[in-house]
Amino acid sequence: MQQSSLDKEILQREVYGPESERLMMGWAFPGKKDKENDYLDIIEELLYNGKAVLFDIDLNQAQKVLSAGAGAYALTDHSMFITIGMPKEGQSLDEVRELMLAEITKLKNGEFDASLLEAIINNMKRLGKMRDDMYIVKTIVTSELSRKIADAQGV
Numbered sequence: 025m026q027q028s029s030l031d032k033e034i035l036q037r038e039v040y041g042p043e044s045e046r047l048m049m050g051w052a053f054p055g056k057k058d059k060e061n062d063y064l065d066i067i068e069e070l071l072y073n074g075k076a077v078l079f080d081i082d083l084n085q086a087q088k089v090l091s092a093g094a095g096a097y098a099l100t101d102h103s104m105f106i107t108i109g110m111p112k113e114g115q116s117l118d119e120v121r122e123l124m125l126a127e128i129t130k131l132k133n134g135e136f137d138a139s140l141l142e143a144i145i146n147n148m149k150r151l152g153k154m155r156d157d158m159y160i161v162k163t164i165v166t167s168e169l170s171r172k173i174a175d176a177q178g179v
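Residue numbers (the numbering used here): 25 to 179.
What the hints contain is simulated information worked out from the structure, not anything from laboratory work.
One or more hints might be untrue.
Claimed, not checked - Simulated crosslink set (BS3-like; lysine-lysine; CA at most 30 Å straight-line):
id, residue 1, residue 2
1, Lys-57, Lys-75
2, Lys-112, Lys-88
3, Lys-130, Lys-56
4, Lys-75, Lys-130
5, Lys-112, Lys-130
6, Lys-130, Lys-88
7, Lys-57, Lys-130
8, Lys-57, Lys-88
9, Lys-75, Lys-112
10, Lys-59, Lys-88
11, Lys-149, Lys-57
12, Lys-59, Lys-130
13, Lys-59, Lys-75
14, Lys-149, Lys-75
15, Lys-149, Lys-56
16, Lys-149, Lys-88
17, Lys-88, Lys-75
Construct the complete structure from the given sequences, taking the supplied hints into account.
Below, the structure is given as structure tokens:
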């Protein structure tokens, strides 16, 4: 696969303010008309839906972090996939980062209940969030875009 103009080096910034400490990681993707945005919505639902997927079960419910979430934001010219994690008391942001990246690696390796993928796709179709011409299979979701996310972080 050709490297897109969106593939960039990892940038790290520290921002100081009155809010609680948190970690945000983001990845850039093509604009909202690109089919990859459907994949991003699926990846979001596999990582975080507030109930019973990777971040929810392995990080939030297991209380390994104070909170962790993920979201895809589709814009006209480009899109973003963002993860946010808040550390527990005494936990470093680096520890939160490693825990979140470990869950992304699970997604990359297909280490999740396959029935979730079918349920997510059916729900997206029902809600009209997926293009009619979209052909999605587990290998595409877990290999292509998950690889991009993991590669961007050096996982």
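A quick look at each hint next to the structure:
no., hint, result
1, Lys-57 - Lys-75, "29 Å, holds"
2, Lys-112 - Lys-88, "8 Å, holds"
3, Lys-130 - Lys-56, "26 Å, holds"
4, Lys-75 - Lys-130, "18 Å, holds"
5, Lys-112 - Lys-130, "22 Å, holds"
6, Lys-130 - Lys-88, "16 Å, holds"
7, Lys-57 - Lys-130, "28 Å, holds"
8, Lys-57 - Lys-88, "36 Å, violated"
9, Lys-75 - Lys-112, "20 Å, holds"
10, Lys-59 - Lys-88, "34 Å, violated"
11, Lys-149 - Lys-57, "17 Å, holds"
12, Lys-59 - Lys-130, "23 Å, holds"
13, Lys-59 - Lys-75, "26 Å, holds"
14, Lys-149 - Lys-75, "20 Å, holds"
15, Lys-149 - Lys-56, "17 Å, holds"
16, Lys-149 - Lys-88, "33 Å, violated"
17, Lys-88 - Lys-75, "16 Å, holds"
The structure does not agree with the numbered hints 8, 10, 16 stated previously, though it agrees with the rest.
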